[in-house]
Structures are given as C-alpha cells and as structure tokens.
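Engineer: Sequence:
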Amino acid sequence: MRVGNGGATVYEYPMAYKFTYFGGTAMYHTGDLAFWFYSLGNVQYQIAGDEANAYKVADFCSIALANFCRTGNPSVAGTIWLPHEEDNAHCMIIDVDTRLVDND
Numbered sequence: 065m066r067v068g069n070g071g072a073t074v075y076e077y078p079m080a081y082k083f084t085y086f087g088g089t090a091m092y093h094t095g096d097l098a099f100w101f102y103s104l105g106n107v108q109y110q111i112a113g114d115e116a117n118a119y120k121v122a123d124f125c126s127i128a129l130a131n132f133c134r135t136g137n138p139s140v141a142g143t144i145w146l147p148h149e150e151d152n153a154h155c156m157i158i159d160v161d162t163r164l165v166d167n168d
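Numbering (my numbering), first residue to last: 65 to 168.
If you're looking for bench data, these hints aren't it; they were derived computationally from the structure.
Cβ coordinates follow ideal geometry from the N, Cα and C atoms, glycine included.
Don't take each hint at face value.
[As the list claims (entries may be wrong)] Beta-carbon label-pair distances, calculated as ranges:
| hint | residue 1 | residue 2 | range |
| --- | --- | --- | --- |
| 1 | I127 | E76 | 16 to 26 Å |
| 2 | Y109 | R163 | 26 to 36 Å |
| 3 | A112 | G136 | 28 to 38 Å |
| 4 | T135 | L97 | 19 to 29 Å |
| 5 | L164 | Y119 | 19 to 29 Å |
| 6 | E149 | N106 | 33 to 43 Å |
Build out the structure end to end from the sequences listed, making use of the hints.
Structural biologist: Structural data, given as structure tokens:
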C-alpha cells in the first residue's frame, strides 16, 4: 500500500465536476472547497443552471469528508472508496457520476 511519510493511508481523487459559468469551467485549485464543506450557496454563480448536479456532488463530498474525519475511511453508503495502493492505484473520480477506477 502506498502511504505517506507518516504511514498514513492515501485516498486519491480528482474533482471532475465542471462549473457552468463561462460555458463550462474545469475545477481549479480550491474550487472544490464549497463542495467538501457544503457551502455551495457561496458560489451560486458557478453552479447556476446545474444546481441539482452540483448539490449531488456536494452531498457525496461532505459525507465522505465527515466519514474520513470520523473513521479514517471516506467511503459513502453505496460507494466504497478504496485506498491508493502500489499494486492497485484506486482513484475516486468525483463528478455527477462519482465512481472508483483503477488508475494505471
């Protein structure tokens, strides 16, 4: 299993959700914070017209974060999030159709 310097388990993810503004803007550094902390009301202009999908992603992220803080495992009911390992590079693609893939 790939672990950090301190021996911690590593969970990998890219945020694949695209914002609606400017015709579809890719996720940028820190752009996912409103999803993890369920504060999309602060970025309404970024999700306008796609609120249902944005809140679906935020539901997943905020529950995964709470689960990770509580148990050390970010899995959400119905979606098992496996750690990134040397032999099997699991990666959770977070989007409207969030899914776990093997990232070779």
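Engineer: Look at each hint and say if it fits the structure.
Structural biologist: Each hint, compared with the structure:
no., hint, verdict
1, I127 / E76: 16 to 26 Å, "18 Å, holds"
2, Y109 / R163: 26 to 36 Å, "28 Å, holds"
3, A112 / G136: 28 to 38 Å, "36 Å, holds"
4, T135 / L97: 19 to 29 Å, "22 Å, holds"
5, L164 / Y119: 19 to 29 Å, "21 Å, holds"
6, E149 / N106: 33 to 43 Å, "36 Å, holds"
Hint check: no violations occur; every hint is consistent with the structure.
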